[in-house]
Amino acid sequence: MSRFTLPRDIYFGEGSLDVLKTIKGKKAVIVLGGGSMKTFGFLDKVETYLKEAGIETRLIEGVEPDPSVETVMNGAAIMREFQPDWIIGIGGGSPIDAAKAMWIFYEYPDFTFEKAIIPFGIPELRQKAKFIAIPSTSGTATEVTAFSVITDYKAQIKYPLADFNLTPDIAIVDPELAQTMPPKLVAHTGMDALTHAVEAYVACARSYFSDPLAIQAIVMIKESLQKSFEGEKEARNHMHIAQCLAGMAFSNALLGITHSMAHKIGAVFHIPHGCANAIFLPYVIQYNRKASEDRYAAIAKALGLEGQNDKELVDSLIEMIKDLNVKLNIPATVKEWGVDENEFKEKVKFMACNAVKDACTGANPRSVDDELMERLYNCAFYGDRVDF
Numbered sequence: 000m001s002r003f004t005l006p007r008d009i010y011f012g013e014g015s016l017d018v019l020k021t022i023k024g025k026k027a028v029i030v031l032g033g034g035s036m037k038t039f040g041f042l043d044k045v046e047t048y049l050k051e052a053g054i055e056t057r058l059i060e061g062v063e064p065d066p067s068v069e070t071v072m073n074g075a076a077i078m079r080e081f082q083p084d085w086i087i088g089i090g091g092g093s094p095i096d097a098a099k100a101m102w103i104f105y106e107y108p109d110f111t112f113e114k115a116i117i118p119f120g121i122p123e124l125r126q127k128a129k130f131i132a133i134p135s136t137s138g139t140a141t142e143v144t145a146f147s148v149i150t151d152y153k154a155q156i157k158y159p160l161a162d163f164n165l166t167p168d169i170a171i172v173d174p175e176l177a178q179t180m181p182p183k184l185v186a187h188t189g190m191d192a193l194t195h196a197v198e199a200y201v202a203c204a205r206s207y208f209s210d211p212l213a214i215q216a217i218v219m220i221k222e223s224l225q226k227s228f229e230g231e232k233e234a235r236n237h238m239h240i241a242q243c244l245a246g247m248a249f250s251n252a253l254l255g256i257t258h259s260m261a262h263k264i265g266a267v268f269h270i271p272h273g274c275a276n277a278i279f280l281p282y283v284i285q286y287n288r289k290a291s292e293d294r295y296a297a298i299a300k301a302l303g304l305e306g307q308n309d310k311e312l313v314d315s316l317i318e319m320i321k322d323l324n325v326k327l328n329i330p331a332t333v334k335e336w337g338v339d340e341n342e343f344k345e346k347v348k349f350m351a352c353n354a355v356k357d358a359c360t361g362a363n364p365r366s367v368d369d370e371l372m373e374r375l376y377n378c379a380f381y382g383d384r385v386d387f
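Taking numbering that gives the first Met the number 0, the leading residue of the sequence shown gets 0, the next gets one more, and so forth.
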């Protein structure tokens with residue numbers, strides 16, 4: 000038996016923030032990151048609409064770009080004191096992911112982070128609160144997913160928490176928020192979204208439900224990402240929808256080792272998550288094609304890429320992704336990004352071991368062990384072709 004889970008309601012299109020005026024409840028905690036939601040007036044809108052709905056609010060501010068275990072536990076303590084019946088995450092993936100994790104420990108104070116990182120082992124949520132996600136970036140799609148990524152800085156490991164309990168009740172996908180992104184963030188989040196869709200299409204848990212969402216997202220991203228990077232408003236709007244479609248796909252089909260590698264290098268060398276995905280994706284396709292060449296070829300066909308057979312089509316897909324990275328000013332290798340070679344050599348076995356253990360690895364279409372993962376990291380560091 001398989002399962003396909005989405006938020007109960009997804010509100011989308013310009014002005015969809017207005018739905019907050021209709022929310023029924025008493026108290027809401029709003030979790031946010033830096034100052035952008037305040038600067039651009041979106042926090043004021045959210046608070047005003049909730050006040051109109053008769054809901055008292057409290058803020059948890061300053062969630063860092065890669066939210067830590069400590070941030071999560073501190074936020075959960077604030078929630079336990081305030082006792083909200085709604086938790087609202089607004090901003091990029093980090094504050095929404097942090098809010099999801101806070102939700103767990105708000106409702107279950109004695110639950111431990113060590114238990115939370117076990118895939119699909121989180122106890123039943125919604126005992127005290129429901130969850131609203133409002134994304135301001137077009138990439139993570141955490142507003143529609145069963146995932147939250149939290150960093151243990153002491154262990155230098157990013158952990159993807161995975162459980163259908165974490166799927167928000169309401170997602171508000173208002174493209175007005177995405178218009179505020181700077182170009183570099185557009186590039187990184189956009190390539191994160193592309194990676195989500197590509198990995199979902201070849202993942203072991205893919206289905207007839209996830210495939211159409213993944214393909215549609217890939218087509219829209221190919222058409223809109225570069226234009227969005229260049230500042231075109233309509234393309235930004237399309238990307239905000241496309242990343243959400245990709246999220247619906249991967250939340251149910253799961254992901255693969257592009258994400259496993261990105262999680263682990265991000266915790267050690269702090270490469271932004273979407274940038275790391277963009278670097279690793281061509282190398283992972285080269286590795287996975289031995290198990291899923293037909294699936295990657297189907298993606299190439301959907302994009303209208305050239306190729307007389309599956310091999311040529313997959314080659315075209317890899318080149319397209321590399322070319323898109325160039326146009327988005329994303330480096331082709333980890334070394335080009337700026338990681339010191341000696342530090343990389345010192346840490347690569349550690350990262351490879353942890354990447355194999357990552358929750359995303361189990362759904363990858365081709366199996367991998369520590370040695371192969373280390374070789375993949377080395378190829379992506381130096382720019383070598385993956386031929387194993």
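It should be emphasised that the hints constitute simulated quantities derived from the structure, not laboratory data. Accuracy of the hints is not assured; some may be wrong.
[Unchecked claim] Computed cross-link-like contacts, BS3-like style, restricted to lysine-lysine with a CA-CA straight-line distance of at most 27 Å: (1) Lys20 / Lys127; (2) Lys50 / Lys25; (3) Lys226 / Lys183; (4) Lys232 / Lys221; (5) Lys348 / Lys114; (6) Lys300 / Lys226; (7) Lys310 / Lys326; (8) Lys221 / Lys300; (9) Lys221 / Lys183; (10) Lys153 / Lys127; (11) Lys114 / Lys334; (12) Lys129 / Lys26; (13) Lys326 / Lys232; (14) Lys346 / Lys326; (15) Lys183 / Lys326; (16) Lys321 / Lys289; (17) Lys127 / Lys23; (18) Lys183 / Lys26; (19) Lys50 / Lys183; (20) Lys129 / Lys23.
[Claimed, not checked] Pair by pair, the computed Cβ-Cβ distance ranges are: (21) Gln155 / Phe119: 21 to 29 Å; (22) Arg2 / Lys344: 36 to 44 Å; (23) Arg365 / Arg7: 20 to 28 Å.
Beta carbons are placed, not taken as given, at the ideal position from N, Cα and C, and that holds for glycine.
Given the hinted pair Lys183 and Lys26, is their alpha-carbon gap at most 27 Å?
violated (36 Å)
Between Lys326 and Lys232, is the straight-line Cα distance small enough, at 27 Å or below?
holds (18 Å)
Below or equal to 27 Å on CA atoms is what counts here, so check Lys310 against Lys326.
holds (25 Å)
Pairwise hint evaluation, Lys114 against Lys348, where the allowed Cα distance is 27 Å at most
Roughly 25 Å separates the two Cα atoms, so the pair holds.
Is the Cα-Cα distance between Lys346 and Lys326 27 Å or less?
violated (30 Å)
For a C-alpha distance cap of 27 Å, please report whether Lys183 and Lys326 respect it.
Holds - the C-alpha atoms of Lys326 and Lys183 are around 11 Å apart, at most 27 Å.
27 Å limit on alpha-carbon distance, applied to hinted pair Lys50 and Lys183:
violated (35 Å)
Within a Cα-Cα threshold of 27 Å, do Lys114 and Lys334 meet the stated pairing?
Violated, at about 35 Å.
Given the hint that Lys127 pairs with Lys23, test it: the Cα-Cα distance must not exceed 27 Å.
Holds, at about 14 Å.
Take the C-alpha atoms of Lys221 and Lys183, compute the straight-line distance between them, and say whether it is at most 27 Å.
Within the cut-off at roughly 17 Å; holds.
Has the hinted range 20 to 28 Å been met by the Cβ atoms of Arg365 and Arg7?
violated (35 Å)
Taking only the CA atoms, is the gap from Lys226 to Lys183 under or equal to 27 Å?
Status holds; Cα separation ~13 Å.
Hint compliance for this structure: hints 10, 11, 14, 18, 19 and 23 are broken, all remaining hints hold.
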